[in-house]
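**Q** Residue numbers (the working numbering), protein chains in the order written: chain A, 1 to 453; chain B, 454 to 906.
Please keep in mind that the hints were generated in silico from the structure rather than gathered at the bench.
Even glycine gets a Cβ: it sits at the ideal position worked out from N, Cα and C.
One thing to keep in mind: the hints can contain errors.
DEER-style ranges, computed between Cβ atoms [what the hints assert, rightly or not]:
1. B:Ala728 - A:Leu359: 26 to 36 angstroms
2. A:Ala244 - B:Gln621: 52 to 62 angstroms
3. A:Asp207 - B:Glu473: 39 to 49 angstroms
4. A:Asp95 - B:Asp491: 33 to 43 angstroms
5. A:Ala244 - B:Asp491: 46 to 56 angstroms
6. B:Pro488 - A:His238: 30 to 40 angstroms
7. A:Ala353 - B:Pro549: 31 to 41 angstroms
8. B:Arg815 - A:Ala244: 25 to 35 angstroms
9. B:Gly766 - A:Cys426: 19 to 29 angstroms
10. A:Asp207 - B:Gly764: 10 to 20 angstroms
11. A:His211 - B:Gly764: 19 to 29 angstroms
Anything over 10 angstroms on all C-beta distances counts as not near chain B; from chain A, calculated [unchecked claim]:
12. Glu13
13. Ala94
14. Gly251
15. Asn303
16. Glu335
17. Leu347
18. Arg349
19. Ser363
20. Glu390
Protein chains: 2
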Amino acid sequence: MVPSNSPFSLTAEEESRAIEDWRAFLRFPSVSADPAHDADCRACAAWLCNHLGRMGLHAEQVETSGKPVVFAERRGRPGAPTVLLYGHYDVQPADPLDQWRTPPFEPDLRDGRLYARGAEDNKGQVLFALTAVESLIRRGALRPTLKVIVEGEEEHGSRGITHFLDTQPERVKADVLLVNDCQAVRTGQPTIVMGLRGVLSLTIRLDGARHDLHSGVHGGLAPNAATALARLLATLHHPDGRVAVEGFYDGVEAPSAEERTLANAVAEDATAYQAAVGVPPVAGEPGFTAAERVGFRPCLDVNGVHGGYGGAGSKTIIPASALAKISARIVAGQEPKAVMDAITRHLERHAPAGLRLALSDRSMPGPALRLRLDSPVAQRARAVLEANGEPVAFLWDGASIPVVARLAQASGAQPLLVGFGLESDCIHAPNESFALEQFRKGHAFVAAFLAGM
Amino acid sequence: MVPSNSPFSLTAEEESRAIEDWRAFLRFPSVSADPAHDADCRACAAWLCNHLGRMGLHAEQVETSGKPVVFAERRGRPGAPTVLLYGHYDVQPADPLDQWRTPPFEPDLRDGRLYARGAEDNKGQVLFALTAVESLIRRGALRPTLKVIVEGEEEHGSRGITHFLDTQPERVKADVLLVNDCQAVRTGQPTIVMGLRGVLSLTIRLDGARHDLHSGVHGGLAPNAATALARLLATLHHPDGRVAVEGFYDGVEAPSAEERTLANAVAEDATAYQAAVGVPPVAGEPGFTAAERVGFRPCLDVNGVHGGYGGAGSKTIIPASALAKISARIVAGQEPKAVMDAITRHLERHAPAGLRLALSDRSMPGPALRLRLDSPVAQRARAVLEANGEPVAFLWDGASIPVVARLAQASGAQPLLVGFGLESDCIHAPNESFALEQFRKGHAFVAAFLAGM
């Protein structure tokens, strides 16, 4: 990590100003999922625009089909590269409110942490990056051209930024895409996220009789939509956990030996996993470690299944219809559309007799992202993070941030995902917070990284 | 059928009196499922008790742990057999009310049918039997000892009558049990029901993680309760439709060649079934006709399955829990408890790794009922019904009337189930009705049958 006495550390005066800005940013209840907070989201975007302007960037609140996107730019030295910073100003809903020790939109600094909804995710991480930019500008040390894009719907479908990227992709052209919307590994080591899985989802519906049937009169005659759906879902996996959809694994890129070693180095053991989650990590394919299954292997999950009676006691019916929601996480080398097509073919091939199969809600927000260990961007980030001797962790994350792959594609930039969030920040939960120490580390990293470009 | 000029036909005066009684009986909204109608049920039972008293029976409203049971008795000639008549005075709820042409509890006679909730099921069929008894008493032609038991919870679990049979079984001892709570075959031919299936049901629950998990972070690690439940339910059947539970078919009694011929003689064809129900009759075991599968074979159905997300769009979670309701219909020769035990063993043997299996709501209301074609009771009923030349249909019904097997056991009587209801009566639905013509046929049959004993 950058030593605390490095030239990129926050000064006391800078920190006190940064905390005031951070508090101001957090006071907007910019909950994107709730239309009642539309005005709060717009006010938050306006504050951020104004803040970027004061920092010396040309900032603009871009109207979209969704919530406004804040876009800012500052020309760098001739010939210097372009860095695109990505973040989001919207937050998750704050409920359940009664579980907060202090109100979610009245930031409270205690025990070295700032408590508020968004304190970490993502206002805290956006703000340490902007504070780093501000420091460099003040010292005349920011050489690259800087672009900043902060969306208002990361927690609710990223509609606005998608519209922006579709209509004005040339504005985000860059060499490096810096994303500070990640968490570090559980040990708290400085972490570079080297991979994200892509995601796709669909709804399966089976329809049969005109209405639920009497199971005595029709049992042994009428095809049962619930039984048939269970049987159809059971065809999706082999008994050993491998996905049984023909072509599902086509194109999957295997990790290198080094990637595998690095991924396994930070893996949680099964006992700790069970203690934390309540189940042992026994799903997925045989022949791969837990870290490999999450980081390098695709998977297919039933997200929900519903049909027939679910109340107290019994109701002896043959359900007329049933539906399931399924989703796949895909990895580098897999084409979302090809996977969706393979699943569709599989379901149609296994469609039960006597019932009507309907597939809908097909969604393919984005492909996977896999970064190269030997890329100059990753190597430079590693060098900056290891400056004080603490080894960097490399994480192949099983989750998806679909907008990152889209941003990488639109900008043509090399993505760099560095996470300063920790499990103890309780993002998306009551009493979210972010430690000043992590804020300082994030600031120092971004400043050192940008100064070196 | 009994010729219309038979000595057992209703006279015009008797019919007009019977219709008045029938209307009075139907005006009570004796909905057993709704506690708001408790007083209506009691008032209905009191009316019935009083009516039986006026007919010359010793009638009593027996208090139970549920709704009162109406029990009445009339001593017959010395040495004459005892006949037990069974019916119920409760009705299904009347909603949706806006679909009734006339109010459900204001009986309306139009086009030769009486319209009201309960017009057929079961007040109409109880009343034609009582009218027949009344005619015979008035003519001095009722030789057997007569017992009448009319319960108030047939549509809601038969709790009261079960309590009555458990505590006072000696009161129902009889030689013949006459049940008029059945429907005729679709052709409308006079029908003797020769078999009913038994029923049993249970709830299956799988529990895993402490809460629903993020499918990106945990996909390929955490066992998925919805996927696992689908896989577990899929083990219940072989691909060809046979039940795969070891021991499930133990003891199943095969029908005789004659029974099979008679059952197939009244079967609906696949085209008519699909037109009526909306699905082809393709479920059940290979090697048996539709009539055989419903009448002589047990089956296992998923009545409902629920777990995880079921709303609009997608929610990419790994469900922490899921539940299913399943039920079996069983046939002659199968022990309900043995079948329940076989299903339990199967589910426990196939319980998925990493999740907790819980079975609950085990219910075994009653075994199957299969009557002998050559029994004197069935043969006498056949002779009475065929008196005017129309051939009798024999039906092995797939549904269950659990209380009939219990009544047969407690009374020691030979059951006789004759149905005068028709599909067009719309029982359990809006605009329930019963044709006067069917009422007259029922009356004539019961009168002729009792007079011959």
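**Q** Take the hints in turn and mark each one as holding or not.
**A** Going through the hints against the structure:
1. B:Ala728 - A:Leu359: 26 to 36 angstroms: 27 angstroms, holds
2. A:Ala244 - B:Gln621: 52 to 62 angstroms: 59 angstroms, holds
3. A:Asp207 - B:Glu473: 39 to 49 angstroms: About 47 angstroms separates the Cβ atoms of Asp207 of chain A and Glu473 of chain B, which means 39 to 49 angstroms holds.
4. A:Asp95 - B:Asp491: 33 to 43 angstroms: 41 angstroms, holds
5. A:Ala244 - B:Asp491: 46 to 56 angstroms: 55 angstroms, holds
6. B:Pro488 - A:His238: 30 to 40 angstroms: For His238 of chain A against Pro488 of chain B, whose Cβ atoms are near 51 angstroms apart, the range 30 to 40 angstroms is violated.
7. A:Ala353 - B:Pro549: 31 to 41 angstroms: 33 angstroms, holds
8. B:Arg815 - A:Ala244: 25 to 35 angstroms: 33 angstroms, holds
9. B:Gly766 - A:Cys426: 19 to 29 angstroms: 26 angstroms, holds
10. A:Asp207 - B:Gly764: 10 to 20 angstroms: 18 angstroms, holds
11. A:His211 - B:Gly764: 19 to 29 angstroms: With a Cβ separation near 22 angstroms, His211 of chain A and Gly764 of chain B satisfy 19 to 29 angstroms, so the hint holds.
12. Glu13: The claim holds: Glu13 of chain A sits with its nearest Cβ about 39 angstroms from chain B, beyond 10 angstroms.
13. Ala94: 18 angstroms, holds
14. Gly251: Since the minimum Cβ distance to chain B is about 17 angstroms, Gly251 of chain A lies beyond 10 angstroms and the statement holds.
15. Asn303: 5 angstroms, violated
16. Glu335: At roughly 19 angstroms from the nearest Cβ of chain B, Glu335 of chain A sits farther out than 10 angstroms, so the non-interface label holds.
17. Leu347: 13 angstroms, holds
18. Arg349: 14 angstroms, holds
19. Ser363: Nearest chain B Cβ is 6 angstroms from Ser363 of chain A, so the label is violated.
20. Glu390: Check passes; 24 angstroms lies beyond 10 angstroms.
Going through the hint list in order, the structure does not satisfy hints 6, 15 and 19.
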